[in-house]
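Q: Order-wise, the sequence lines are chains G and U.
When the count follows numbering that gives the first Met the number 0, it moves up by one through the first sequence with no breaks and lands on 285 for the last residue.
When the count follows numbering that gives the first Met the number 0, it moves up by one through the second sequence with no breaks and lands on 285 for the last residue.
Some hints could be false.
What the hints assert, rightly or not - Subject to a maximum C-alpha distance of 27 Å in a straight line, what follows is the list of computed DSS-like cross-link-like pairs (lysine-lysine): (1) K262/U / K106/G; (2) K140/G / K43/G; (3) K261/U / K106/G; (4) K106/G / K154/G; (5) K262/G / K154/U; (6) K154/U / K88/U; (7) K154/U / K89/U; (8) K89/U / K261/G; (9) K154/U / K5/U.
For the record, the hints were derived by calculation from the structure and aren't laboratory data.
Given the structure is predicted, the values throughout are model-derived calculations rather than measurements.
There are 2 protein chains.
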Amino acid sequence: MDIRDKNILIVGLGVLGGSYAMALTEAGYKNVYAVNRSRASIDKALAAGVIKAGSTDVRDFAETADIAVIAVYPTGAEECARELGRLMKKGSLVTDVLGIKRYYSQKIAAQLPEYIDYVPAHPMAGREKRGLDFASAQVFKGANFIITPLERTSKEGAAQVERLARDMGFGNVRTLTPARHDAVIAYTSQLPHALAVALINSDEEDGQTGEFIGDSFRDLTRIAEINADLWQELFIGNRENLLQAIDCFTDQLARIREAVDKKDAQSLRGMFEKSSARRAKLIKKK
Amino acid sequence: MDIRDKNILIVGLGVLGGSYAMALTEAGYKNVYAVNRSRASIDKALAAGVIKAGSTDVRDFAETADIAVIAVYPTGAEECARELGRLMKKGSLVTDVLGIKRYYSQKIAAQLPEYIDYVPAHPMAGREKRGLDFASAQVFKGANFIITPLERTSKEGAAQVERLARDMGFGNVRTLTPARHDAVIAYTSQLPHALAVALINSDEEDGQTGEFIGDSFRDLTRIAEINADLWQELFIGNRENLLQAIDCFTDQLARIREAVDKKDAQSLRGMFEKSSARRAKLIKKK
Chain G
0 MDIRDKNILI
10 VGLGVLGGSY
20 AMALTEAGYK
30 NVYAVNRSRA
40 SIDKALAAGV
50 IKAGSTDVRD
60 FAETADIAVI
70 AVYPTGAEEC
80 ARELGRLMKK
90 GSLVTDVLGI
100 KRYYSQKIAA
110 QLPEYIDYVP
120 AHPMAGREKR
130 GLDFASAQVF
140 KGANFIITPL
150 ERTSKEGAAQ
160 VERLARDMGF
170 GNVRTLTPAR
180 HDAVIAYTSQ
190 LPHALAVALI
200 NSDEEDGQTG
210 EFIGDSFRDL
220 TRIAEINADL
230 WQELFIGNRE
240 NLLQAIDCFT
250 DQLARIREAV
260 DKKDAQSLRG
270 MFEKSSARRA
280 KLIKKK
Chain U
0 MDIRDKNILI
10 VGLGVLGGSY
20 AMALTEAGYK
30 NVYAVNRSRA
40 SIDKALAAGV
50 IKAGSTDVRD
60 FAETADIAVI
70 AVYPTGAEEC
80 ARELGRLMKK
90 GSLVTDVLGI
100 KRYYSQKIAA
110 QLPEYIDYVP
120 AHPMAGREKR
130 GLDFASAQVF
140 KGANFIITPL
150 ERTSKEGAAQ
160 VERLARDMGF
170 GNVRTLTPAR
180 HDAVIAYTSQ
190 LPHALAVALI
200 NSDEEDGQTG
210 EFIGDSFRDL
220 TRIAEINADL
230 WQELFIGNRE
240 NLLQAIDCFT
250 DQLARIREAV
260 DKKDAQSLRG
270 MFEKSSARRA
280 KLIKKK
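With the hints as extra help, turn the sequences into a complete structure.
A: Okay, structure coming up:
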């Protein structure tokens, strides 16, 4: 059976689940279903023509689903997996979209019988805003998609999820261990969010700063407008890695501070040349 | 005399001086001259039609200049002012483009006789790249322009520089004391650059990170590709303010670290809600 004819069930029509629905429908998937706590998002998705049918009750579609996507908040993932595990058929597949993998993948896996394949995944194309209204298939185009297989994950299952990712427009599909994924993501995603939040919260707030900001400040604080519920879960769920990333960063900032304090032009120049070379290399790679 | 008929001398055809030449010529200024250490940039500017004439010797145009723009590196500004002070006529005006004001404005002022008006200014539209090849009149459109008058600065002189700024396309022209300017800029410009440098330099550099970066990391490190010579001057020249800004930031980051360490979801949520509200307000103001 062509994968585009399979029954795909998206659980959670938030910004990511909604974007999956849009991107899959756009790619020619014909049987995309959605389950969501509130009926309003279901109706919107139906009106937009990005799902075939939807319900507030997972039992309506879980039994016939070939592939289910867990697109709820991290703390809701375990309960969601429990329901899918009870209902889904033998040979079906579950994947997810969670931004941290080690902790939650274990929780999800524990709820799924061995006869359901499980392929943990992280589509790296977030949005600061929450909800279906901010969903968009465009954000996936060319973005990174990471698969973090467990021992139980089958090669065929991983290949199917890779196919979904490519059909949705992701540019790079990579495989990492859950532990390595979480260490990388602490540095490339959670640490930048922590810095943006700390930067904007360290303002004197005398009401004048906004008149004098330039591009650099605007770029660095864009992600300070953050989904508080989601991100506290991501921060605490990746605690050890994030603490380490913050400590590495703090050490580097302390070196800059020391060089400024001592008026050490040579050290500053060295750090700036290093950062310039690294940034140029990073972007080139992309 | 219409200001667009006056003799404008730009000293230093780097990215900012070059952008001034382009923006003024585009605005209909007919007598824009330039002095630059190397002949190559003069020839390029002539070929581009953005200056009327140019020279490597400041003596060729300083005596007839009505307005001179000091657009050299901060550490070259004092020497540049000394030459202009010796050569420029009574009633002429000097302005500059330096990104920190208190220290360098005093140095420049000390070199200019009282019969030359001096209007310190900071066009807030930098480029990460250096040199005339990256100059562009476009970067000024809608940007902030700050005038930091000294006691000796005449109202008429400040008004003339404001006119130049508006003609070049700047959106907001504001007046600040040099001390206030430097405190604001430490927070809105130098601190973000320090964070970007520290962030990219804290990478483990195992060669994999680049494959997994998302928009947030890309945004936050854009300014880590930095003009090392210029920025070490700006950092050290604004030492006290920058140290204070780094300390405020470090304190905020430490609070996030502590909340993560203690798995304190409530505190994290509070910090994220605060940062979101501040960011939304900041952008609205702009």
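Q: Compare the structure with each hint and give your call.
A: Hints, one by one, checked against the model:
Among the hinted pairs, K262/U with K106/G is consistent with the structure: their alpha-carbon atoms are about 18 Å apart, no more than 27 Å. A distance of roughly 23 Å separates the Cα atoms of K140/G and K43/G; the hinted pair therefore holds under the 27 Å criterion. At roughly 21 Å between alpha-carbon atoms, K261/U and K106/G fall within 27 Å of each other, so this suggested pair holds. This hinted pair checks out: K106/G and K154/G have alpha carbons roughly 21 Å apart, not beyond 27 Å.
Restraint check for K262/G and K154/U: the C-alpha separation of about 36 Å exceeds 27 Å, so the hint is violated. The straight-line distance between the Cα atoms of K154/U and K88/U is roughly 19 Å, inside the 27 Å bound, and the hint therefore holds. As the CA atoms of K154/U and K89/U are separated by approximately 17 Å, the hinted pair is consistent with the 27 Å bound. Taken as a hint, the K89/U and K261/G pair is broken in the structure, with Cα atoms around 41 Å apart against an allowance of 27 Å.
Annotation: proposed proximity of K154/U to K5/U holds, straight-line Cα distance about 18 Å (limit 27 Å).
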